[in-house]
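There are 2 protein chains.
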Amino acid sequence: MAVYTDVSDEELTAFLVEYPIGEGLSCKGIAEGIENSNYLLTTESGVYILTLYEKRVNPDDLPFFLGYMEHLASKGVSCPTPIKGRDGESLRKLCGRPAAIVSYLNGMWPRRITPGHCARLGEAMAEMHIAGQDFGSGRANDLSLEGWRPLFEATAEGADRFGAGLAGELATELDALEAGWPAHPDDLPTGVIHADLFPDNVFFRGDRLSGIIDFYFACEDFFAYDLAICLNAWCFEVDGSFNITKARRMLTAYRKVREFSGLEIEALPLLARGAAMRFLLTRLYDWQNKSADALVTPKDPLEYLAKLRFHRDVKGPGAYGLD
Amino acid sequence: MAVYTDVSDEELTAFLVEYPIGEGLSCKGIAEGIENSNYLLTTESGVYILTLYEKRVNPDDLPFFLGYMEHLASKGVSCPTPIKGRDGESLRKLCGRPAAIVSYLNGMWPRRITPGHCARLGEAMAEMHIAGQDFGSGRANDLSLEGWRPLFEATAEGADRFGAGLAGELATELDALEAGWPAHPDDLPTGVIHADLFPDNVFFRGDRLSGIIDFYFACEDFFAYDLAICLNAWCFEVDGSFNITKARRMLTAYRKVREFSGLEIEALPLLARGAAMRFLLTRLYDWQNKSADALVTPKDPLEYLAKLRFHRDVKGPGAYGLD
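Chains as they are written, first to last, in our numbering: chain A, 1 to 323; chain B, 1 to 323.
Treat the hints as calculated values from the structure; they're not laboratory data. Among these hints, one or two may not hold up.
Heads up, the list lumps identical chains together, so a pair's fine if it works in one copy or across two of them.
With a cut-off of at most 25 Å between alpha-carbon atoms, the simulated SDA-like pairs for lysine to any residue come out as follows [claimed, not checked]: (1) K299 with D9; (2) K93 with S45; (3) K55 with T81; (4) K256 with I130; (5) K93 with R111; (6) K315 with E70; (7) K299 with C95; (8) K93 with R205; (9) K299 with T5; (10) K84 with N106; (11) K93 with I244.
Generate the whole structure from the sequences, applying the supplied hints.
Set out below in structure tokens:
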């Protein structure tokens, strides 16, 4: 939850002149999204989301993110569509920051995950993967394998504060991941993935998935890595136990839309360990680098250590409910 | 800025069944309001504000606040109207807290105050004072004279940390205020006042005042005390200087709608000192009692010390632009 930038009425009015969406009626900072400042904007023509991109987003990546969202929306994927200004551009500046207006999606993210939610997610993720296949401009995943060792080195020294022996365990794990990680892009099917499909980025109305948001980690990587991230984010219970029913529903719904290969199934445990490592390391980093006036309490790194250990002990796809 | 309570989709759905406003489409925490959790709620019938009342609001006062808003709205004052459930009640419970839905107001609060804003505010405040005159159920102002000494005693010990000699200066000032404060209610015209009319509680569209929000400090007190609060909140520049043009525009616009007496004019400097004391003391208290995980940085108490000193040196109504 965060709003970092205060937009004045004068600045907003001048900004909206560039868009064919009518006069601004109100603009309220919303308590969602950690990386950027998000506002619920109402104008004479409707409701929108206005985003100001704060320092954690590389401005050079924004045309990729916005282009990908536009591409997905044009293919019928329910996601925010960037609104173009009168000059045809969807990216401009507001309060000295890159800024864009996107369409508003109804729905709420699920606080209590059901197997039904996981099935809808699997289906929508597969549709998103397929819809993105002809979206050309790739962006490397800077938070995958190559990014972990620098993050580990930046966090290892203080890691044992979170648990005795944590740095050692992560070092061993990192070696294993580097030794076994699939080679890009020959080993596994690759394309644009969301890479941050946590429950608060997926909206539902009742049991129906109404939209996916927050594409600001999207990148080119293994499709199965997106599944691995979601196994971690959606299929563990609050008490740490793994819910195999949720995993099975997610994976079987996914493969009804996009069949995955035997290689992808085999790779899942390792990919899920890697996905756990990624969030463990960024959470460690956020804890060790949080500013005194941070509006957000960093999330618990150890939640992801438990998930990592679970996948390390997995013997095969049966653990995820697959035959 | 604050959202304290997370409302789940299931809880929201069950809550909305009680209201004739259609199915909920989305509900986003908004980063406005410090005392309560506020959400922008969209339903099939439109946009609303959902408020969950957190611990700083006394639940016993809520019928007064909501009744006052409903009364004002029925008289044509542009303010949020409480939405009644099918049972005729506008106050119920959500997530274990008192909760209400109110109508949504367009507009944005002004970041850069102009004399024109102050004139519109004066006019709207006078209309609000008149509209509230036949609203019977009074609520005493627990943050007026009788409330200051306990607050002073709770904060005096640590006050000098904010400025050498602060506690002593406040003690002397408090004696003067207690000696000179007008007697209730005989000395000055009294009625329901807003008591927290800061710029972020007043919305404009361009130069037009489009609404007043946040009635959760409303109480019975001198009408001129509301003006005194606004002299402090709207007429000082960021550099601490007093803008007499803004004050004159506010007061003359007010008196075109509701003429004030010579006694009220004479009382203004003392009332403005008291209003400065009230916000100085609550800010001191908030600094000394902020929790480590507070989402809000308390506001600077010393800003109000400077305002207090200004009014103490005022010789007469000419200082506020009045003849």
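Checklist entry - Which earlier hints can't be squared with this structure? => result Numbers 6 and 11 - these are the hints that the structure violates, sorted from lowest upward.
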